[in-house]
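Could you put together the complete structure from these sequences and hints?
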Amino acid sequence: MITPNKVKAALRDGTQAYGFILTIPSAEMVEILGRTGLDYVQIDGEHGLFDMTDIERICRAADLVGMTPIARVPDLSAITINTFLDRGLRGIVGPHISSKADAEQLVRACYFGPIGQRSFGDGRGVHYAAYKSDLRSYYEQTNRETLVGAMLEDRHAVDNLDDILSVPGIDFFYIGMNDFSQGLGYPGQPRHPEVIRIRNETVARIHAAGRMLREDFMVEIRTNELLVNGVSAITEQRDERRGAIGVQ
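All residue numbers for the sequence shown refer to my numbering, where the first residue is 1234 and numbers rise by one.
Read the hints as simulated data drawn from the structure, not as lab findings. Please read all numbers here as calculations on a predicted model, not as lab measurements. A virtual CB, placed ideally from N, CA and C, is assigned to each residue, including glycine. Hints are supplied without guarantee of correctness; some may be wrong.
What the hints assert, rightly or not - Simulated restraints, written as ranges between beta carbons of each label pair: (1) Ser1310 with Asp1396: 19 to 25 Å; (2) Gly1354 with Gly1476: 58 to 64 Å; (3) Asp1392 with Gln1422: 16 to 22 Å.
Listed below in structure tokens is the structure:
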């Protein structure tokens, strides 16, 4: 039986899914944080230091603690996305979606037919072909529990937004503010008033089309923020104690 995708369930139910973005290849961190009750882990496969062995180990750890593993992939090629999914991921976030063709390519690569053209192998991501005797049902169940997100990161995405939003099969959109601001001509200025204005207009258009943003149902934190916040709590206690006893 294919286990439910917790993020997709939150999307369907109108609730929120809580998770974290993993930027370092550590299955152990997934296992530790998964025991806190988080719903998902998102692997940063575009900027993080991961190989396919790392990703498969992380997916196993996520399954062990009941988390849904998803990943941002480095590109939109069918081979790249299929290789990620074959490790056991339950969702894909496609970067730099700038046109209808990009959005269609993302959907084709993520879903089995008739929605897409995902290839069927015999590895972990397809349960080692254990359901091969009833592929039609397996394809339907897998498609239903696969999460697909699209990142909007440049001016072309804004110009082509209506066409992008017309593509079915994308569950949510996400505006990557650092690349977005750079693509708008304001590098390193994600809080620039013009960037914020265009971002807000883009959000309004997405909602007006009846589509969802990541922020509408996903709440997440990055691993580096978790680590820094944890260490900061300790150093604050140290500084308070030193101050209390007059240590300079």
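Here's how the hints hold up against the structure:
Between Ser1310 and Asp1396 the beta carbons are some 21 Å apart, a value that agrees with the proposed interval 19 to 25 Å. Between Gly1354 and Gly1476, the C-beta spacing of about 60 Å keeps the proposed range 58 to 64 Å intact. Our hint of 16 to 22 Å for Asp1392 and Gln1422 holds, since their Cβ atoms are close to 20 Å apart.
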